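2 protein chains.
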Amino acid sequence: MPAATRARAVDVPALVEQARAGTPRAVARLLSLVDHQHPALPEVMAALAPLAGRAHVVGLTGPPGVGKSTTTNALVRELRERGRSVAVLAVDPSSPFSGGALLGDRIRMQDATGDPGVFIRSLASRGHLGGLSVSTPQAIRVLDAAGFDMVLVETVGVGQSEVEIAGLADTTLVLLAPGAGDGIQAAKAGILEIGDVFVVNKADRDGADATVRDLRHMIQMGDRSAPGLWRPPVVRASAMNGDGVVEVLAGIGDHLAWLARGGELHRRRVARARDEVEALTVARLRARMGDLGDGGRLDELAAAVVSGRGDPYAAAEEMLRRLSGAEGEESSDVSSPRTS
Amino acid sequence: MPAATRARAVDVPALVEQARAGTPRAVARLLSLVDHQHPALPEVMAALAPLAGRAHVVGLTGPPGVGKSTTTNALVRELRERGRSVAVLAVDPSSPFSGGALLGDRIRMQDATGDPGVFIRSLASRGHLGGLSVSTPQAIRVLDAAGFDMVLVETVGVGQSEVEIAGLADTTLVLLAPGAGDGIQAAKAGILEIGDVFVVNKADRDGADATVRDLRHMIQMGDRSAPGLWRPPVVRASAMNGDGVVEVLAGIGDHLAWLARGGELHRRRVARARDEVEALTVARLRARMGDLGDGGRLDELAAAVVSGRGDPYAAAEEMLRRLSGAEGEESSDVSSPRTS
Numbered sequence: 001m002p003a004a005t006r007a008r009a010v011d012v013p014a015l016v017e018q019a020r021a022g023t024p025r026a027v028a029r030l031l032s033l034v035d036h037q038h039p040a041l042p043e044v045m046a047a048l049a050p051l052a053g054r055a056h057v058v059g060l061t062g063p064p065g066v067g068k069s070t071t072t073n074a075l076v077r078e079l080r081e082r083g084r085s086v087a088v089l090a091v092d093p094s095s096p097f098s099g100g101a102l103l104g105d106r107i108r109m110q111d112a113t114g115d116p117g118v119f120i121r122s123l124a125s126r127g128h129l130g131g132l133s134v135s136t137p138q139a140i141r142v143l144d145a146a147g148f149d150m151v152l153v154e155t156v157g158v159g160q161s162e163v164e165i166a167g168l169a170d171t172t173l174v175l176l177a178p179g180a181g182d183g184i185q186a187a188k189a190g191i192l193e194i195g196d197v198f199v200v201n202k203a204d205r206d207g208a209d210a211t212v213r214d215l216r217h218m219i220q221m222g223d224r225s226a227p228g229l230w231r232p233p234v235v236r237a238s239a240m241n242g243d244g245v246v247e248v249l250a251g252i253g254d255h256l257a258w259l260a261r262g263g264e265l266h267r268r269r270v271a272r273a274r275d276e277v278e279a280l281t282v283a284r285l286r287a288r289m290g291d292l293g294d295g296g297r298l299d300e301l302a303a304a305v306v307s308g309r310g311d312p313y314a315a316a317e318e319m320l321r322r323l324s325g326a327e328g329e330e331s332s333d334v335s336s337p338r339t340s
Numbered sequence: 001m002p003a004a005t006r007a008r009a010v011d012v013p014a015l016v017e018q019a020r021a022g023t024p025r026a027v028a029r030l031l032s033l034v035d036h037q038h039p040a041l042p043e044v045m046a047a048l049a050p051l052a053g054r055a056h057v058v059g060l061t062g063p064p065g066v067g068k069s070t071t072t073n074a075l076v077r078e079l080r081e082r083g084r085s086v087a088v089l090a091v092d093p094s095s096p097f098s099g100g101a102l103l104g105d106r107i108r109m110q111d112a113t114g115d116p117g118v119f120i121r122s123l124a125s126r127g128h129l130g131g132l133s134v135s136t137p138q139a140i141r142v143l144d145a146a147g148f149d150m151v152l153v154e155t156v157g158v159g160q161s162e163v164e165i166a167g168l169a170d171t172t173l174v175l176l177a178p179g180a181g182d183g184i185q186a187a188k189a190g191i192l193e194i195g196d197v198f199v200v201n202k203a204d205r206d207g208a209d210a211t212v213r214d215l216r217h218m219i220q221m222g223d224r225s226a227p228g229l230w231r232p233p234v235v236r237a238s239a240m241n242g243d244g245v246v247e248v249l250a251g252i253g254d255h256l257a258w259l260a261r262g263g264e265l266h267r268r269r270v271a272r273a274r275d276e277v278e279a280l281t282v283a284r285l286r287a288r289m290g291d292l293g294d295g296g297r298l299d300e301l302a303a304a305v306v307s308g309r310g311d312p313y314a315a316a317e318e319m320l321r322r323l324s325g326a327e328g329e330e331s332s333d334v335s336s337p338r339t340s
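Taken in order, these protein sequences are the chains called A and B.
If you're matching positions, the first sequence starts at 1 in UniProt numbering and goes up one per residue.
If you're matching positions, the second sequence starts at 1 in UniProt numbering and goes up one per residue.
Honestly, the hints are just simulated from the structure, not real lab data.
You may find that some hints are simply not true.
Stated by the list, open to error - Label-pair distances were calculated between CB atoms; the ranges are: (1) 149(A) / 229(B): 52 to 62 Å; (2) 149(A) / 220(B): 55 to 65 Å; (3) 291(A) / 227(B): 51 to 61 Å; (4) 253(A) / 221(B): 55 to 65 Å; (5) 296(B) / 263(A): 12 to 22 Å; (6) 217(A) / 50(B): 51 to 61 Å; (7) 296(B) / 250(A): 34 to 44 Å; (8) 266(B) / 20(A): 50 to 60 Å; (9) 20(B) / 229(A): 48 to 58 Å; (10) 64(B) / 222(A): 29 to 39 Å; (11) 65(B) / 80(A): 40 to 50 Å.
Please read all numbers here as calculations on a predicted model, not as lab measurements.
Cβ atoms here follow ideal geometry from the backbone N, Cα and C, with glycine treated the same way.
Take these sequences, add in the hints, and give me the full structure.
Shown next, in the form of structure tokens:
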């Protein structure tokens, strides 16, 4: 983190109050703090936590080229016609650069409309400690606390990414394109397990019927068919023309109702918070190891490993004890991010 | 990790002794333990540490299609003609599947020759805790301790990967293909900083002269020109025909001599061990969080965050303290991987 960013003072209470009132500039500023993992974040997150928990967080994922952006745009348009506000967070784990470029057009589009009920922002991996596993749940909390009815989190790919969309969202939308092998591919990639609503996009193309049939069959074969469990709908859509968008939103709404009915909504949100705390714990550990710097105990342990006297596992155990904050003054010097 | 893997007993002293004597099956078995993060690994690593530190670890990286495999093969051939043994470790962070498939041909090639002075193996991310950042330095230690003169570590891409090759190797070889924009691209991607020896491969193609000139110019402009510092050579090669391979090996050898002269070799190896201990520390922390499972304190903290009463940062601090092994019996139950 550059010293300039660190040094800049942030009036957190004022910023949070403005964001809560829906001021786009305040929301954007809070997201920038998240993006750069600003030292004021612990204070920001503590202030936002009581305000969050009202938005419906919807994840949207699928293979490249399936029409994720088009579908997102169509959903946003339909939601706005119904008077519901929506924030879009596009998460790109693949590159620290592509995120911004990718979304340039859409951000400009938002600016052009000047509609305060829509907010679009990308989040890319900036190489800071913890990466997107720390910053994505924080960005969702910002948008949730800012009062948007729905937060749409769009991610590239499935399975291999640093950020697992299913863990981040209340409802996960999986997009697929028509194609003979798609169904089986989906099963392999674990898509079947994470989807709460399936969308076969570009449904005017050949093979759409087969893909819809395959998906429905696989869902029926799976353990989702037990009574009381959610049975994911498979929706045909052509987001480009707006076809199927109403049905997709109906599926999303039905899922939210199901979540709320059985207590699953709370359970998913606790799991999300648990993932966030885990990621933060790891990031704090890394930060402390970094702060100890050269010449400290870590270097001594590393030198012992190189000389053949030391055991890397025993060294790791010692570091974990030292960095817990339970021992010595060394670690208490770096225990709080608010001191900088 | 599957229970079957966990349960299988390993006679570590016998295995280490066989690997040290150069038995390929024993080396392969040790690498499998690394690949699956077998519970016997702490014992294995402690036994191997005194035997390691003799191999020259050379990293080889560059953009896709530049000819990394061909160059590796040409280097292996030349080294064998000189009677030097060499192990190749191909690290693929991009997929848990492609690694094996990619290398299938080359492993078959090795089998066909039956040369015990060559060992080729791939290492892919298997999704276990710590991933390649834990397993790559361990695999290098296995091959080092097995007595290979050189360990060649080949990685896909630069900069974005989980495993940063420059931190793993004594000497880093950066391959580039001829092309007008390559030089500037290299500078952008940070390639210039990590290369100890640059190879412009496919040097019979148009633009090779310009790429060599650009690279030399950029190296001269950088802060590498101060007296006593290593000035990376830029070698023209055509690995397919074997052209330039002798010069590449000369560059690698010169760099090793320079490293040894100024104490930089030790410094780099300590840094490598430090990275390994850091990665292990994080992996241990993650394993303990996982072992605590559902219903523990982490869930209570997560529920408090969801209700707006809790602060995720304060929760992370508490987890770090709890998981350090300094508090309670809960964590001491999971403090050693050898108990399973």
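Here is how each hint holds up against the structure:
no., hint, in the structure
1, 149(A) / 229(B): 52 to 62 Å, "holds, 59 Å"
2, 149(A) / 220(B): 55 to 65 Å, "holds, 58 Å"
3, 291(A) / 227(B): 51 to 61 Å, "violated, 33 Å"
4, 253(A) / 221(B): 55 to 65 Å, "holds, 60 Å"
5, 296(B) / 263(A): 12 to 22 Å, "holds, 19 Å"
6, 217(A) / 50(B): 51 to 61 Å, "holds, 58 Å"
7, 296(B) / 250(A): 34 to 44 Å, "holds, 38 Å"
8, 266(B) / 20(A): 50 to 60 Å, "holds, 55 Å"
9, 20(B) / 229(A): 48 to 58 Å, "holds, 55 Å"
10, 64(B) / 222(A): 29 to 39 Å, "holds, 37 Å"
11, 65(B) / 80(A): 40 to 50 Å, "holds, 45 Å"
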